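J.: Sequence:
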Amino acid sequence: MSQPTSQPDSYDPHAIVDKWLIAWAERGSFAANGLLSDERPDGRPPRYIVSMFSYPSGDLHMGHAEVYSISDAFARFSRLRGHNVLNPIGWDSFGLPAENAAFKRNLDPSVWTYDNIAMQAESFRRLGVSFDWSTRFHTSDPEYYRWNQWLFLKLYDNDLAYRKAAPVNWCPVDQTVLANEQVIQGKCERCGSDVEQRNLTQWFFRTSRYAQRLLDDMAQLEGKWPNEILTMQRNWIGRSEGAHIDFEIEGRAEPVRVFSTRPDTLFGATFFVVAADADLADELCTDDRREEFETYRKQVRASTDIERMATDRPKTGVFLGRYAINPLSGERIPVYAADYVLAHYGTGAIMAVPAHDQRDLDFARAQGLPVRIVVDTGEPAPAETGVAAAGDGVLVNSGEFDGLSKDDAITATSVRLRELGHGEATVTYRLRDWLLSRQRFWGTPIPIIHCPSCGEVKVPLEDLPLRLPTSGYELRPRGGKSPLESAEDWVAVPCPSCGGAARRDTDTMDTFVDSSWYFLRYPNPDYEDGPFDPAGVKRWLPADEYIGGKEHATGHLMYSRFLTKALYDLGMVGFTEPFTKLTCQGQVIMAGKAMSKSLGNLVNLQDQLAQFGPDAVRVTMLFAGPPEDDVDWADVSPTGSVKWLTRVWRLSGDVAASRDGAGDQAVRKQVHRLIDDATTLMENKRLNVVIARLMELTSVLRKAVDSGPGASDPAVREGAEALVRMLSCFAPFTAEEAWSRLGHTSLVDEAGWPEVDSALLVQETTTCVVQVSGKVRDRLEVAPDIPEDELRELALASGKVAAALQGAGVSKVIVRAPGLVNVVPMKG
1 MSQPTSQPDS YDPHAIVDKW LIAWAERGSF AANGLLSDER PDGRPPRYIV SMFSYPSGDL
61 HMGHAEVYSI SDAFARFSRL RGHNVLNPIG WDSFGLPAEN AAFKRNLDPS VWTYDNIAMQ
121 AESFRRLGVS FDWSTRFHTS DPEYYRWNQW LFLKLYDNDL AYRKAAPVNW CPVDQTVLAN
181 EQVIQGKCER CGSDVEQRNL TQWFFRTSRY AQRLLDDMAQ LEGKWPNEIL TMQRNWIGRS
241 EGAHIDFEIE GRAEPVRVFS TRPDTLFGAT FFVVAADADL ADELCTDDRR EEFETYRKQV
301 RASTDIERMA TDRPKTGVFL GRYAINPLSG ERIPVYAADY VLAHYGTGAI MAVPAHDQRD
361 LDFARAQGLP VRIVVDTGEP APAETGVAAA GDGVLVNSGE FDGLSKDDAI TATSVRLREL
421 GHGEATVTYR LRDWLLSRQR FWGTPIPIIH CPSCGEVKVP LEDLPLRLPT SGYELRPRGG
481 KSPLESAEDW VAVPCPSCGG AARRDTDTMD TFVDSSWYFL RYPNPDYEDG PFDPAGVKRW
541 LPADEYIGGK EHATGHLMYS RFLTKALYDL GMVGFTEPFT KLTCQGQVIM AGKAMSKSLG
601 NLVNLQDQLA QFGPDAVRVT MLFAGPPEDD VDWADVSPTG SVKWLTRVWR LSGDVAASRD
661 GAGDQAVRKQ VHRLIDDATT LMENKRLNVV IARLMELTSV LRKAVDSGPG ASDPAVREGA
721 EALVRMLSCF APFTAEEAWS RLGHTSLVDE AGWPEVDSAL LVQETTTCVV QVSGKVRDRL
781 EVAPDIPEDE LRELALASGK VAAALQGAGV SKVIVRAPGL VNVVPMKG
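Each residue of the sequence shown is one higher than the last, beginning at 1 in full-length UniProt numbering.
Check before you lean on any hint, since a few could be wrong.
As the list claims (entries may be wrong) - The calculated lysine-lysine pairs, modelled on DSS-like cross-linking and capped at a C-alpha distance of 27 angstroms, are:
hint, residue 1, residue 2
1, K104, K481
2, K298, K481
3, K775, K800
4, K164, K154
5, K315, K298
These aren't lab readings, by the way, just hints derived from the structure by calculation.
Quick caveat: nothing in here was measured; it's all calculated off a predicted structure.
Start from the sequences and build out the full structure, keeping to the hints where you can.
T.: Following this line, the structure appears as structure tokens:
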């Protein structure tokens, strides 16, 4: 390794970057040991630290600088503490933004994508992130998406992937389906356009089959994942206990099943509601109501699910000309089509109990329908107040169930429904199956061929990867079709089963499929016998630390957890949760608002790096607050970070070679106390406070050099070396430069985290305040473990206390060892 030897005259945050990048590369400083199948681990405990990988939409931005500064601090700390660290790098390189950008520029999406990846890779290097670059891959590489297709077929074989017609969210601008998680307040999260509802045949993964396990396995994550994320996932999964209830519909042979969390209110059902856009509503509508229903359904389909479920939206609907029969009371109740019930949630139908459900009450008041109280909650009458009585109480107007409490009535009505053959107690979930079809080009082709004779036929494994076409397609075809549909030479193929004319599936996979398992690939990205190397996964997984944004709580994180459980059931991994610990960073904002071009408050990362250097930008990010807090760039000071790093650099040149002996004990005690604090704080991820301790240590050492024991004192030398080692987690270029100025020819990354001498942490004496009648009269230096009786006698023996008493006797002595004694004199 060629070691830089020249010593500059002043601190230059830019000049030091290239020489230490070269030194790290020559030394292979950040390569994890034991990645290759023929390479044995070196005995250090493994530690796998993963950041949610980057999307190559352009060069790195301020958010990238924050999340990778956090993860790199964890990785460098772990290396210094003796761990064999795997800190990988890859790109989430398929997706809609690249396709849209390529379309605007008349480019192939791969050209746009890989140019941006090259730009980001160089920026990552110059930011000083300690990646193991041998792990690098891109999800748009055929060598990677081959295994997307392999996993799809594995799930397909095990009834976890299927295709069906379903109402979907459609973005008219981006011309593709969106998952519910990609619709924000009724608009596309990508382009902001209003989302429409369409019925399309789509591919799904059966995430709903894992709903309860996704809930139960959160026990493994308690105290290790942020509570906010766990709560968001629980709410998204939405477990509800209740009963299935079967209602007969006059003129229909089969009953219609609904789910209710409150079967105890069954006698209060005064009407029945079917989602207006459900096939059932179309089936039940009588001829004389057809025209009104068709007009209404067209209006409903123009609204998004988010709009329809809004609590402040007026409830609308039309009578379908039919009646349902209450399975317990036998009462006939009218059947309505309405907008506040969704076709794809539950069974698409509900029993409406307006006295005890606010949405039902709003609808009943709008339609002039009866409101019947069946639970006496003590609240005012809902028909008069317009507020549903949703509290607990005792059943009334409910036949044999009158007088029962809510919980007892839920059990009793569920039992009676089962006895009558009209229902049963059950559990349902809000979580829906994962919609993964996308009508876009730049994604993984779905490896299914549709044959008129054989139906759905899998692409043979030996034919994987099924590559995207390189020509003959239109990125934005007419009529809202998938771009792959326009590639006729690619689409038309013989059936692998019968040899007849068939056609490829023209949807591509949601990019969440790419990211649902990428962390399994990193330990051996060149593995060719499967999607991941079982030996590598066994050695490194589950990930010890995962760092990324909380916006992925109900998308990527949920999908990764689902796929891990599916792979566990298939015997491919030996764990059920992919990420042991999770850190969610805040956003980088400007003047209290999210950065955006439209607001004119966008801060360019490259400009900040050019002005202040990578170390100052990293320090500024991490010093601004805990990782989970937002960083307001208007409130921070990269200039202040440069000044501190300059002080550290200057200090490293001023400290002389150590002489024999321990050095000044007062300085050593301060140094080791700060090392101990910094160690605990790093373990607890309080990176901003660690930096504050390092700033304090810098001041301690500067004072020791200038007006204390001097630059040649061994304690000062020890403190300077400890400071530089710890600094390397946050400002690696400056730390390497300072380590070299201290006379070392090795790299600071190899020096280890400084050890604490526990004997120096012992506080030999502490100050005890002695009061007389609440006023301070003396201060005593005492042992921290001094007994109360001994402290009492020392206080009473004080001449200052005796003088304050002026001969008065002592009424009582209050002792709070070791810090306080209060002497109360006798009165008068």
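J.: Which numbered conditions among the earlier hints are violated in the structure presented, ordered from lowest to highest?
T.: Hints that this structure does not satisfy do not exist here, as all of them hold.
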